Amino acid sequence: MSRAIPLLVAIPLLGAAVNLLLVRHRAVQRVVAVGCTTAGLGLAVALLVHVEREGTAAVARIGGWGTSIGITYVVDRLAAVMLVVGFATLLVVLVFAVGQRAADEATPYYHPAYLVLSAGVAAAFCAGDLFHLFVAFEVLLMASYVLLTLQGRPGQIRSGTTYVIINTVESMVLLAGVGLVYAATGTLSMADLPEALAALDPGVRTGLHVLLLVAFGLKAAVFPLFFWLPDAYPTAPSPVTAVFAGLLTKIGVYCLVRTQTLLFPGELDGVLLWVAGLTMVVGVLGAIAQADIKRILSFHIVSQIGYMVMGLAIGGPAAIAATVFFVIHQIPIKTSLFLVEGVVEHSEGTGTLDRIGGLARRSGPLALCFALPALSLAGLPPFSGFVGKLGLVSAGMDAGQYAVTGVALVVSILTLVSMTKIWLGAFWGEAREGPSGILGRNRTMAGATIALVAGGLALALAAGPIYRFCDRTADDLTTPDRYAEQVADR
Amino acid sequence: MSLVLIALIAVLVGTGTYLMLHRTITRIILGVALIGNGINLLLVGSGGPAGDAPIIGHGSSPADPVPQALVLTAIVIGFATQAFLLALAWRNWTLDGNDEVEDDISDRRLARREPDVVDPYAGDDADLEEPR
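Those protein sequence lines, which keep their order, are chains A and B.
Those letters in the first sequence? Residues 4 to 493, by this note's numbering.
Those letters in the second sequence? Residues 27 to 158, by this note's numbering.
If we strip away everything but chain B, and leave its shape as in the complex, we get:
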């Protein structure tokens, strides 16, 4: 693996991790994208040095085709996950009007030793919403 590629992977994963440590969902999504790209590069690099196109009878030192097949799959999966995260961020914004990852409400209450007044999980069934 070339030193440039290694440095690029390090930068991508490093900046991605930094972005992920924020509470803003959009930054986290950007972080996910950067780390994902870094790891995809790592997969490409895991196949060893570059070579000819891996076709039988074409060139003398073919590149390893397996990591390329793996990375194609990984790119598609990463794309789908990021799209889903964006949809979640949008839904969060339409509900709350903010862009923050929030704390677990019940957990906060418990930490402050308050009774769980509002049941945040009530109502699996809209018609039975009213507790007796």
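So here's chain A without its partners, still in its complex pose:
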């Protein structure tokens, strides 16, 4: 089974190559893209089952080289579950984009870029060394640059320029960090690094740690490095924004989890607590000020990242388990909210709140598709957001971090306020003229949206088993040397 790990990257990349040859045949392109993403999802599920059954990570060494010089792919519990959620989201959004037509019909390069993005996401989750992580980032960033600016509209070029420059800076900080880590320790393998880093002078350690935190923090859009996100994401077509919102920032969070649990366990937690609190507050206040659905939701991405960083900063198995659950819950919830926005924009031509209204009268199911994930985002019981936030808050109370826990609770209420703003502006009130049954007019888009909303609800229904899985994941992450043992086993 572990030999199949490289296929997670190879299948989408090969699909992208085939798709580039098929630029004149859109229908075949769609079939290839959906096929490759489905294959990736199948493989990811198989890997998750394998890892769970064996109780240890699946490791693939490319070319049989050792961890110190070769490329190693490691799929442990955290990577496996991120791969499954990631590929599921990629698949649903791809089906949505095929249904919407506008995204992939305007240009033949949507599908190849999307598949390269999938390959980059897969490689980032499985990367077993820091430099391969950097390469995976570059692969997915390059694809995201293309997807963001594919239509070449003035707004997209303007925000795309900022996005590309900020991410180039992030890549250079990461690359400098990787170079300095190698200079200091002589290895880049994540299995060997914890021991090598622990032997360093504390000052050097902190320097390297800060470099990596800045690089991954920019990717995850934490305060004060979040400013590029609400500008860049809303200009892209809805299916692109949906996948960016759901996945790309969470890859930054995934790397932050690795940094804080594996490379530098328990260091700079105080700084991260401040970062978490400020990220939550600034994100949600930004959201309240906006008047466009996409922009409100984009600021919420930032705000919710704060919760994940909070769990990470509190530390300990309980908080890490809650963080992992929160990340798993955020990806489908956030993506489905953006898909609902995509349906609204497809039907009304805009997502600005004062230009739309009364959508609930015209399409009850669409309103429901928005309301359920929105309530989950705000953390109301019985939805999955409640489970995640309950875990974070109780871990915060147990650790005695009352201030940040209080901030988290207040931000939850503010989240509800700004969700109410979208609800009042877009769904409530007098219906404007227009055909009813918005959701039913495009079956493919409706199917993808409903599937993802249902997936989010299933997370709440199956919260018990999933949370126990998160506990086991947190146990893996917080036990020192567990990662190194798992990689060295084979």
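Calculated directly from the structure, the hints in this document are not laboratory data.
Given the structure is predicted, the values throughout are model-derived calculations rather than measurements.
All residues carry an ideal CB built from backbone N, CA and C; glycine is no exception.
Among these hints, one or two may not hold up.
[Claimed, not checked] Label pairs and their calculated CB-CB ranges:
id, chain 1, residue 1, chain 2, residue 2, range
1, B, 137, A, 205, 40 to 50 Å
2, B, 137, A, 52, 48 to 58 Å
3, B, 134, A, 227, 15 to 25 Å
4, A, 27, B, 126, 32 to 42 Å
Given the structure of chain A, go ahead and fit chain B onto it with the hints provided.
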């Protein structure tokens, strides 16, 4: 790492940062190129002192081959990013006729407390452009 190399990295990254702080896209791209080169040199330097070609049975003190493999990859990636930035700059110039990185329009309006009159993000679908 030799002092000359360290000084060169410092100069490249310093001048690159200075260029990047401008609003002109071409200067930013030059800045990206300079910083990128500085960091590539840093990678080369991270392998320790120079030595013989890292081939088995060739010379007694081989250089560390890993950073050289890393830097080759990094150069290719940097090249691709700069090419993409140049394409963006060209597209920006054909659209606006200028070479500036602009502000977020909605953000400006919000800062001045004006209503968001023109929706800059309208129209994912050309056929549904007309709002009701």
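Quick rundown of the hints versus the structure:
1. B:137 <-> A:205: 40 to 50 Å: Distance hint for residue 137 of chain B, residue 205 of chain A holds at roughly 43 Å.
2. B:137 <-> A:52: 48 to 58 Å: 51 Å, holds
3. B:134 <-> A:227: 15 to 25 Å: 20 Å, holds
4. A:27 <-> B:126: 32 to 42 Å: For residue 126 of chain B against residue 27 of chain A, whose Cβ atoms are near 38 Å apart, the range 32 to 42 Å holds.
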